[in-house]
Amino acid sequence: MQLDDLDFADDLTLQSHTQQQMQEKTTSVAAASAAVGLNIHKGMSKVLRYKTACTNPITIDREYLENVKTFTYLGSIIHEHVGSDADVKARICKARAAYLQLRNIWNSKQLSTNTKVRIFNTNVKTVLLYGAETWRTTKAIIQKIQVFINSCLRKILRIR
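Under full-length UniProt numbering, the letters of the sequence shown match residues 1 to 160, in that order.
Each hint should be verified, as a subset may be incorrect.
As the list claims (entries may be wrong) - Distance ranges between label pairs, derived from CB positions: (1) P57 with Y130: 27 to 35 Å; (2) T126 with N39: 33 to 41 Å; (3) R160 with P57: 51 to 59 Å; (4) I105 with T27: 46 to 54 Å; (5) R158 with Y50: 45 to 53 Å; (6) A90 with D7: 19 to 27 Å; (7) K109 with L38: 53 to 61 Å.
It is worth saying that the hints were derived from the structure and are not from the lab.
Ideal placement from N, C-alpha and C gives every residue a C-beta, glycine not left out.
Just need the whole structure built from these sequences, with the hints factored in.
As structure tokens, then:
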């Protein structure tokens with residue numbers, strides 16, 4: 001069995017092993033879309049090649065689609081060479097922003113430590129771990145995530 005595409009609402013990724021297969025799938029999707037009155041936004045359509053020497057263009061209606069080295073699909077960064085590192089780095093940045101927005105909560109004397117940790121788990125950890133099920137986990141990635149979590153919790157718990 002082979003995974004040919006990923007679909008979510010109006011976002012679609014096509015996957016294939018050859019340039020010819022990709023062109024056939026792209027042409028087929030464009031024709032099916034046009035048949036029901038949908039247009040494919042060619043400026044937002046990208047081609048990411050992975051482990052291939054073929055550079056033949058993929059086209060829709062004779063227009064070349066842009067080749068890219070990285071793109072974001074449903075919040076996850078996909079890169080032609082790098083594993084999950086770029087995505088993990090972006091998730092840590094977003095989680096840090098969420099953590100900093102809640103600074104008043106962390107500094108509050110009226111909330112219990114237990115409540116603060118629960119808020120951290122629901123509002124910061126969920127941002128951090130969004131899409132984690134797709135990451136290729138390595139010791140380095142796990143360590144980066146744990147360092148971020150520990151740093152936040154030390155500040156919340158006022159451990160210096």
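### Query
Against which earlier hints does the structure fall short, listed by number upward?
none
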